[in-house]
Amino acid sequence: MINKIVGSVAEALAGVQDGATVLIGGFGTAGIPNELIDGLIAQGAKDLTVVNNNAGNGDTGLAALLKTGRVRKIICSFPRQADSHVFDALYRSGKLELELVPQGNLAERLRAAGAGIGAFFSPTGYGTELARGKETREIKGKGYVLETPIHGDVALIKAERGDRWGNLIYRKAARNFGPVMATAARLTVATVHEIAELGDIDPEHIVTPGIYVHKIVKIDRVATQAGGFQKGV
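Just so you know, we're using the numbering used here here: the sequence shown kicks off at 10 and counts up by one.
Quick caveat, the hints were computed from the structure, so don't treat them as lab data.
Note that the coordinates shown come from a computational prediction; the quantities given were computed from them, not determined experimentally.
Be careful, since some hints might not be right.
Restraint-style ranges between C-beta atoms, simulated for each label pair [claimed, not checked]:
(1) K149 x G24: 25 to 35 Å
(2) D211 x K82: 21 to 31 Å
(3) I11 x E213: 36 to 46 Å
(4) L207 x R89: 38 to 48 Å
(5) K104 x K143: 36 to 46 Å
(6) E20 x K149: 51 to 61 Å
(7) I50 x D92: 14 to 24 Å
(8) G53 x G136: 20 to 30 Å
(9) P212 x A23: 17 to 27 Å
(10) R101 x G125: 18 to 28 Å
(11) G28 x R101: 37 to 47 Å
Every residue gets a Cβ at the ideal spot worked out from N, C-alpha and C, and that includes glycine.
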């Protein structure tokens with residue numbers, strides 16, 4: 010019997026190795042798998058490469074992971090914002106490597122990894138510093154840059170509902186990078202707020218099929234101050 014539901018975050022993350030590339034979902038503060046990030050901090054893997062849309066907010070979640078000093082490199086689109094002081098201090102002191110990737114290219118590089126595409130040409134970044142050292146080509150009179158897939162050893166994503174086969178649906182903007190990251194990783198771990206019985210999720214509504222998901226952990230809903238789930242709503 011296929012049952013991908015595990016009893017704890019610690020059990021789900023037990024196999025993460027030092028040196029792993031970890032894909033972490035989230036866009037701003039939407040869809041961040043905070044419970045899994047905290048679990049990764051407790052698990053202790055180090056020398057990590059982290060792929061995320063940004064480089065952490067405040068002192069929690071991804072910022073807390075960076076603060077441990079166990080992340081060697083971050084690949085992201087928006088490393089700097091008003092409350093990215095943890096990243097800023099690490100980067101300026103030379104303790105953290107940054108690979109800056111335009112957001113559309115980031116999503117497509119992840120999608121390419123999941124689709125088995127070896128590389129693709131993108132016009133984004135052509136003629137800028139982001140194209141330095143990369144192959145460029147003119148196609149039908151327009152300049153393009155060769156971009157390579159981003160493969161992950163582990164993907165940590167947050168979904169809304171899932172079943173024991175690993176099928177997932179998301180809540181609105183919390184979907185963001187979750188679907189493409191799930192396809193691009195060797196091990197995908199998802200948190201969900203609800204466990205559905207097999208067949209309860211309409212197949213037409215499934216966003217991430219269970220074939221891409223390896224472990225599911227049920228978590229409680231937590232009231233927030235920045236939208237999302239709130240008490241009494």
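Hints, verified against the model:
1. K149 x G24: 25 to 35 Å: violated, 46 Å
2. D211 x K82: 21 to 31 Å: About 40 Å separates the Cβ atoms of D211 and K82, which means 21 to 31 Å is violated.
3. I11 x E213: 36 to 46 Å: The hint (36 to 46 Å, Cβ to Cβ) is violated, given that I11 and E213 are roughly 21 Å apart.
4. L207 x R89: 38 to 48 Å: holds, 45 Å
5. K104 x K143: 36 to 46 Å: Because 26 Å falls outside the window, the suggested range is violated.
6. E20 x K149: 51 to 61 Å: holds, 52 Å
7. I50 x D92: 14 to 24 Å: Distance hint for I50, D92 holds at roughly 19 Å.
8. G53 x G136: 20 to 30 Å: violated, 43 Å
9. P212 x A23: 17 to 27 Å: violated, 31 Å
10. R101 x G125: 18 to 28 Å: Taking Cβ atoms as reference, R101 and G125 lie about 38 Å apart, which means the hint is violated.
11. G28 x R101: 37 to 47 Å: violated, 24 Å
Going down the numbered hints, you'll see the structure goes against 1, 2, 3, 5, 8, 9, 10 and 11, while the others check out.
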